[in-house]
Amino acid sequence: MSYCKQEGKDRIIFVTKEDHETPSNAELVADDPDDPYEEQGLILPSGEINWNCPCLGGMASGPCGSQFKEAFSCFHYSKEEVKGSECIEQFRGMQECMQKYPDLYPQEEDKGSSSQAESGSAAAADGSASLSENDSAAEASPGSPDSVSLADNQAAS
Amino acid sequence: MLTCRTVWRKLAPLGRASATACRQSVRRAGLNNARTPLCVPVAHMSTGPAGGGGDNLKYALLVGAAFAGGLTYAVLTLRGDQDRYLERMADISSRRQISTVKQPATQTLTEPPAAGAAETAAPPEPKPEAPPSPEEPSPPPEVAGAEAATSSEAAPAADAKPASPTLPSHAPYLLIGGGTASFAAARSIRARDPGAKVLIVTDEPNLPYMRPPLSKELWFSDDPSVTETLRFKQWNGKERSIYFQPASFYIDAEDLKSAENGGVAVLTNRKVVHMDVRGNKVKLDDDTEISYDKCLIATGGIPRNLQVIERAGEEVMKRTTLFRKIEDFKSLDKVSRSMQSITIIGGGFLGSELACALGRRSTETGLEVIQMFPEKGNMGKVLPEYLSNWTTEKVKKEGVKIISEALVKSVSYKDDKLEIKLKDGRLVKTDHIVAAVGLEPNVDLAKSAGLEVDSDFGGYRVNAELQARSNIWVAGDAACFYDIRLGRRRVEHHDHAVVSGRLAGENMTGASKPYWHQSMFWSDLGPDVGYEAIGIVDSSLPTVGVFAKATAKDTPKAATEESGTGIRSESETEDTASSAVAPAAPAPAVENKDEYGKGVIFYLRDKVVVGIILWNVFNRMPIARKIIKDGEEHADLNEVAKLFNIHED
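These protein sequence lines map, in sequence, to chains D and S.
For the first sequence, this note's numbering assigns the number 1 to the initial residue and increments by one for each residue that follows.
For the second sequence, this note's numbering assigns the number 1001 to the initial residue and increments by one for each residue that follows.
One or more of the hints may lead you astray.
Calculated pairs, BS3-like style, for lysine-lysine (alpha carbon to alpha carbon, straight line, at most 25 angstroms) [said to hold, decoys possible]:
1) D:K9 x S:K1429
2) D:K100 x S:K1238
3) S:K1334 x S:K1401
4) S:K1423 x S:K1401
5) S:K1318 x S:K1421
6) S:K1429 x S:K1409
7) D:K5 x S:K1271
8) S:K1401 x S:K1429
9) S:K1381 x S:K1397
10) S:K1330 x S:K1417
11) S:K1397 x S:K1429
12) S:K1429 x S:K1334
13) S:K1414 x S:K1401
14) S:K1381 x D:K5
15) S:K1394 x S:K1429
16) S:K1414 x S:K1429
17) S:K1376 x D:K5
18) D:K9 x S:K1271
19) D:K100 x S:K1257
20) S:K1447 x S:K1429
21) S:K1409 x S:K1421
22) S:K1271 x S:K1283
23) S:K1318 x D:K9
24) S:K1325 x S:K1271
25) S:K1447 x S:K1283
26) D:K17 x S:K1626
27) S:K1334 x S:K1318
28) S:K1607 x D:K5
29) S:K1381 x D:K9
30) S:K1381 x S:K1409
31) S:K1381 x S:K1607
32) S:K1397 x S:K1376
Pulled a few chain D residues facing chain S out of the computed Cβ check, cut under 7 angstroms [claimed, not checked]:
33) Q6
34) V29
35) D32
These are calculated hints, taken from the structure and not from any lab test.
The C-beta atom is built at its ideal place from N, Cα and C for all residues, glycine as well.
Could you build all of it, start to finish, from the sequences and the hints given here?
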């Protein structure tokens, strides 16, 4: 049984689980998905890639940023049956660049980085990004669906 | 017919009279533009072609001269612009040195003056043709952005000893300050402007790093060399450094100009002492001048000190730490291992976190940790009283001796101990003091740059787009900005630095977005108490708290394990610091007889929710952000609280 007490200007309400089971009747204002003020997700409403998305970590801004952007853009706009199959050159360029900075892009993720980027792009096409948020690698973050979906919530809200 | 002639004869003398009067008045007035239409037909008949005599001539000469002068000036300016452009291109490709010629920054020749200006513009102009003459009366400054940079070819020969032979003289993006906001802006700029060249100038000796672990995670590390490595382990075992990026991420300052794809360069141990907004350049403490296209001021602040301590003399000051930087962490760590008693003055975020961190250490070393503050309980200015009291009890459990409602009257050094005398007569003897009594925003550049400083909140006053003046933005702790939703404010939290830095970077690269995405903050006080908050969280506002009973699962530690992310705030923004707590105590079944286990607290201003604290409830920040963004009046906040599902994990 929930109860309420007042301490000066502060009100305190204690609620049980049952009290909160009924759905809320609080009204929230509908969001405009194209609101220019809001933080956008990985893909902007225009279809372009948002290089400033927090989900990309520092991938687009580091020393290999331009190679990453080329590879990822190529993948994103690829219309081949196997998406990104014509982008091998760009991905190779990106990998070569990343090999020059082993402490920024840990090398054991070698295979991971290209496949990661591809899977990330595939997911991105569906509106979510599984690219790592960690700068120091294109590590496969061990299934952080919460963080991903929250990033999307953030984008959607 | 006849009447006409008569009328004419009668009127003719009048006509002649008026012509004479006209002529005379013309002589008197000098300029007769307005009257000419009336007089012209008569004047033509009665006067010769010399019109109003000498006055007309003078006037004609004056107009002619002004026209000629203006025309000359325009031609010269255009020619000069082209010359300057060509020279600048030559400069950029050839020159590496920066001039140390100290020049007054008065070479802005852009005002449209009278004909006299044409003369001053003229001498610099024929420069490329004539041999360079450094003995010009006022040799212009060499900074590439300045107007009359024509003697630049001569200068490198003349200036044999620049301050540093390799510093860039121009940075398209100049970021003053090397903290969180600055780094976030650098990243944002690089993401949006391909090949951008960003120069960060910081007076610290370190590359950009995050501050929250300095008062939290770094203290809980069991690595003895943590003060050197500055690495901390998050709950999922993932370790990371407090530095945002390792050194290989950055390029050297001298390579900035030539870097094909641009990059971020950091100049450490350099302070910007003067800012010339009209000339778009800054001066460092070693007299180097750097010009910029866009500039960000992210100078943060310096910790405040108590006046009683400042007046107490050298011995007391030597034993006082103002905590903010890496070196403060290192020195406090050393102190905590060698001293027997440490007193923390201040009951806010920093003070309480340090108290908890040191309190934890006290269990190993027998260190006495005292925390004193003027409020009734920890976080007294943030949490409503009932919650503040509850929190204080928790902090006490961490091994901290709390002295509340304590106002320091004087501090003295006696018998190798510091004696703190309180206004109510209590006396505290300790070995070392940590003063955590607030931050003074750094507005040193306001005077030279002519920037407005806010009198209510401190810091540089900027608009909703974080802009102070045309090419100058401010972000982070130093920015007093206009929040469209919550009004003008200044926020001193890490996530705000990230959000505002990122926004400033976006606006510096052409976006015009206002501050809209509300930043959040968090704090952990021990393994049992952790909260995330957003908006204006001021205990003087009326609050409504909705609580449920907490189970053992509702702790910060559990939250991070649950979501699989090592960083609680990673779910909010990318790589912000961890909020998880020590591996030392594995926190078994938590006793939660207290009522305030977990819940949501709403802060109201005129019945609108302006701030929300999620108390031991995690990963629900987007909902809180939405409620604040809506800014609606909700009749029943319990209904709003339902949105948070506080009973679930």
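> Under the criterion that the straight-line Cα-Cα distance not exceed 25 angstroms, is the pair K1376 of chain S, K5 of chain D satisfied?
Replying inline: Satisfied, since the Cα-Cα distance of roughly 21 angstroms is no more than 25 angstroms.
> Would the pair K100 of chain D and K1238 of chain S pass a check requiring their Cα atoms to be no farther apart than 25 angstroms?
Replying inline: holds, 23 angstroms
>> Between the alpha carbons of K1381 of chain S and K1397 of chain S, is the straight-line distance 25 angstroms or under?
In response: holds, 21 angstroms
> Keeping to a limit of 25 angstroms between CA atoms, is the pair of K1381 of chain S and K9 of chain D held or broken?
Replying inline: Holds, at about 14 angstroms.
> Do the alpha carbons of K9 of chain D and K1429 of chain S lie within 25 angstroms of each other, as the hint requires?
Replying inline: violated, 38 angstroms
>> Next pair to validate is K9 of chain D with K1271 of chain S; report whether the Cα-Cα distance is within 25 angstroms.
In response: violated, 47 angstroms
> If you draw a straight line from the CA of K1409 of chain S to the CA of K1421 of chain S, is it 25 angstroms or shorter?
Replying inline: Measuring from Cα to Cα gives roughly 6 angstroms; hence the hint holds.
> Within a Cα-Cα threshold of 25 angstroms, do K1397 of chain S and K1429 of chain S meet the stated pairing?
Replying inline: holds, 22 angstroms
> Taken at face value, is the distance from the CA of K1283 of chain S to the CA of K1447 of chain S at most 25 angstroms?
Replying inline: Roughly 14 angstroms separates the two Cα atoms, so the pair holds.
> Is it true that the CA of K1423 of chain S sits at most 25 angstroms from the CA of K1401 of chain S?
Replying inline: holds, 19 angstroms
> Between K1381 of chain S and K5 of chain D, is the straight-line Cα distance small enough, at 25 angstroms or below?
Replying inline: Judged against 25 angstroms, a Cα distance of about 21 angstroms means the pair holds.
> Is the straight-line distance between the alpha-carbon of K1334 of chain S and that of K1401 of chain S 25 angstroms or less?
Replying inline: holds, 21 angstroms
In the structure shown, a violation is registered for the earlier hints numbered 1, 7, 18, 20, 23, 33 and 35, in ascending order.
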